[in-house]
Amino acid sequence: MNFDLSDDQRDAAAGARDFFTGSVPLSAARAALEGEGVPAPGRKALADIGFLGITVPESAGGAGGSVLDLAVVAEQGGAVLAGPSLVTAARAAVLLEGAPDLAAQLADGSAAIAVLDGPVTGSAPSIDAADATLFLGLDGGALVAGEGEVVPGRPLDATRGLARVRLTSRRVLAEDAGGLWERARQVAAVVLAAEDLGAADRAVLMAVDYAQQREAFGRVIGSYQAVKHMLVDAWVGVDQLRSLVWWAAWAADSAPGELPLAAAAAKAYAAEAFERAAETAVQVHGGIGFTWEHDAHLYWRRAKTDRLLLGDATEHLDAVARLAVGGALG
Amino acid sequence: MDFDDTPEEASYRARVRSVLTDRAADLLHVAPGEPVDARSREAELRATQGVLAEEGLVGVTWPREYGGQGGTLVQQAIVSQELARARVPTLVNHIGIGMCGPTVIAHGSDDQRSRYLARLLRADDVWCQLFSEPASGSDLAALRTSAVRDGEDWVVNGQKVWTTLAHVSDFGILLTRTDPERPKHAGLTMFVVDMHAPGVTVRPLRQMSGGADFNEVFFDDVRIPDSERLGEPGEGWRVALTTLMNERVAIGGAGSDIGQSPEALAAHARERLPALDPERQALARQAVGRALVASLATRYTGYRRFTTLSQGGVPGPEASAGKLGGTAAARLVADAGVRLLGDDAVLGATADGDDTWQRAQAYVPGIAIAGGTDQVLRNILGERVLGLPSEPRTDKTAPFSTGGRR
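First to last, the protein sequences are chains A and B.
All residue numbers for the first sequence refer to full-length UniProt numbering, where the first residue is 1 and numbers rise by one.
All residue numbers for the second sequence refer to full-length UniProt numbering, where the first residue is 1 and numbers rise by one.
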């Protein structure tokens, strides 16, 4: 057994950390929320460094990498609340397996692509649709691409670029695409869980740092077991989430039969572990954590949003139970 | 990344599997989750371990010079997995192999090693660990059982408790206080004690789950020769840490499940879900799904720790997270399992006498206490992994006789 990242993946994660740390100040998330900016680093920067094409085949101009390769990068983007999300890159790369021209445009950023959840005649709020110009959707069992009318709505977390879309044109890319669509959504759930892993990890670290410095009643608050145990529970959640994300990403690449179970488990766990991490971060900071100026609520907003995207915990827990009862655990 | 055996691991596993098949007639087998009473099945349990020792499957990681196999932690994990797969119960001397023996190896004399270790591996002697006391559980270094030097012997008085297997044990490692005028950690000394010596009284304790796996042990003027001391007088805490570190290795785990497995819950749900009202089925699936996810999260986290071991690493304090997560998962799994029983959930067993899930439920509170309470584990993780300071303490420096107060 070797349930660990490879040296190349560790290097890629370190490189991604440097890139995201250098290109995404948390002030960007706040500015986007205030309507005074757009999510950083933005689509072009992500395309230029090659992150949008990690899982696009080399023949279509991508890196031909694995979902796990993408997940370790996505984790680093999640840590700084980067936008747009690599969820869309991962999901569109699956959907465009039969459309190499479009896949190439996804990878090099020349097409601003978003994937729509719900009916293409009026979608649910969909990730990074707000500034996209080409939309992929499922229409009566067929995979379609088209242009659309975009209605963003007031954001809870502006880094997600959520918008409702009504397609105004559509062409069929593949008939009978239900299975492909489902697999793409599972891969998307894994990458969303990976971004949540990075964000949850950062929220816990932020709270631990504060608990090591803030004093009350004569000593630092992290020495009180009431505070310490909250932080530990949040950290254990992050540690366990990492295991599920790796397993699910590995399954996407190497054990497709395990992907539905693993993706549902990772997404369900991510929803709750990230939410707990973010709420713990606010609580441990006390009053300052409840202010607009503090960064804690930026993570809290991401957690409250992500937990519901691509299916909430209720949906995924139900899927885990149904799959296991159906024999998915072997 | 992969979950496969390496070629070496695969061939080792094949050898273990063929031994367990070839010797099946000489081994005790039990159904999954079936409780095994050490007292009533003592002879079979000892014989089973003897056979496995003969085949080189006991003390896998022990050095060869002490009768072990000089193997790796991965090989030990493979043996454990294959024993579970073959439905051979946990080795009767698991505490001796995992904790007492390694302590004797590290701190015992050559004479002690030659007298004890080979017999321990064959289960000719069963061992127990005499640490906890009525007034020192989580705070182990507060123990009061005294050992007073008298010529070539030490005279021991006091009481130990929660001692697993004491009722079938021949020897134990015993942590005592030999100098109450020194601070609590500095006045301790470790011994090997003969459990059949005059003055040793063992009384089984019945657990809330109904079974009796552990005991209270009384010491009344029990004489222990100085040659049975492990380590120097006053060094008992350091010796005990060896034992506890080995405990961490023993339970650090290769993703083994605490309590009922997710597979068992899934099979149970497959059988029981259709009998529930449709609306309740949806709610039950939520509970089952949540329990399975918690269980899988713990299992795959265990695989990460196991990978660290197989790369030659040692288990660090983060191993405590495995037990904390495993306990939480066991609680959810047991609860989901009981709820699936419908009306039978309020009874101690189903109409056909099956109490698998009720037993799992009653076992959970013990898991959350034994081998480090949830609260102590959170302190360990908070202080040693997250780097948070400990609560202020006065008991580390004051003489024990003052009650830890200056």
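Read the hints as simulated data drawn from the structure, not as lab findings.
Keep in mind the model is a prediction, meaning the values are calculated, not measured.
Glycine is no exception: its CB is placed at the ideal position from the N, C-alpha and C atoms.
Mixed in with the good hints there might be a few duds.
What the hints assert, rightly or not - A short, non-exhaustive set of chain A residues, derived as facing chain B with CB atoms under 10 Å:
| no. | residue |
| --- | --- |
| 1 | Ala255 |
| 2 | Ile288 |
| 3 | Gly326 |
Claimed, not checked - Residues of chain B clear of chain A, computed beta-carbon distances all greater than 12 Å:
| no. | residue |
| --- | --- |
| 4 | Pro35 |
| 5 | Glu65 |
| 6 | Arg87 |
| 7 | Asn157 |
| 8 | Arg182 |
| 9 | Ala197 |
| 10 | Leu244 |
| 11 | Tyr303 |
| 12 | Glu318 |
| 13 | Leu324 |
| 14 | Ser390 |
Hints, verified against the model:
Hint status for Ala255(A) relative to chain B: holds, with the closest Cβ pair at about 9 Å, below 10 Å. With a cut of 10 Å, the hint placing Ile288(A) at the interface with chain B is violated, because the nearest CB-to-CB distance is about 19 Å. Given the 10 Å rule on beta carbons, the hint for Gly326(A) holds: about 8 Å separates it from the nearest Cβ of chain B. Listed as a non-interface residue, Pro35(B) keeps its Cβ farther than 12 Å from every Cβ of chain A; the least gap is roughly 24 Å.
Distance check on Glu65(B): its Cβ is at least 29 Å (rounded) from any Cβ of chain A, clearing the 12 Å threshold; non-interface status holds. Remark: the non-interface label on Arg87(B) is consistent with the geometry, its nearest Cβ contact in chain A lying 17 Å away (cut-off 12 Å). Listed as a non-interface residue, Asn157(B) keeps its Cβ farther than 12 Å from every Cβ of chain A; the least gap is roughly 34 Å. Every Cβ of chain A is farther than 12 Å from the Cβ of Arg182(B); the closest lies at roughly 27 Å, confirming the non-interface assignment.
Ala197(B), annotated as away from the interface, keeps every beta carbon of chain A farther than 12 Å; the closest lies near 41 Å. The beta carbon of Leu244(B) sits about 20 Å from the closest Cβ of chain A, which is more than 12 Å, so the claim that it is off the interface holds. The Cβ of Tyr303(B) does not lie farther than 12 Å from every Cβ of chain A; its closest approach is about 4 Å, which violates its non-interface assignment. With a least beta-carbon separation of about 7 Å from chain A, Glu318(B) fails to lie farther than 12 Å from that chain, contradicting its non-interface assignment.
At the 12 Å boundary, the C-beta of Leu324(B) falls inside the reach of chain A, the nearest C-beta of that chain being 6 Å off. Distance to chain A contradicts Ser390(B) as a non-interface residue, since its nearest Cβ pair spans about 7 Å, not more than 12 Å.
Of the numbered hints listed earlier, those contradicted by the structure are 2, 11, 12, 13 and 14.
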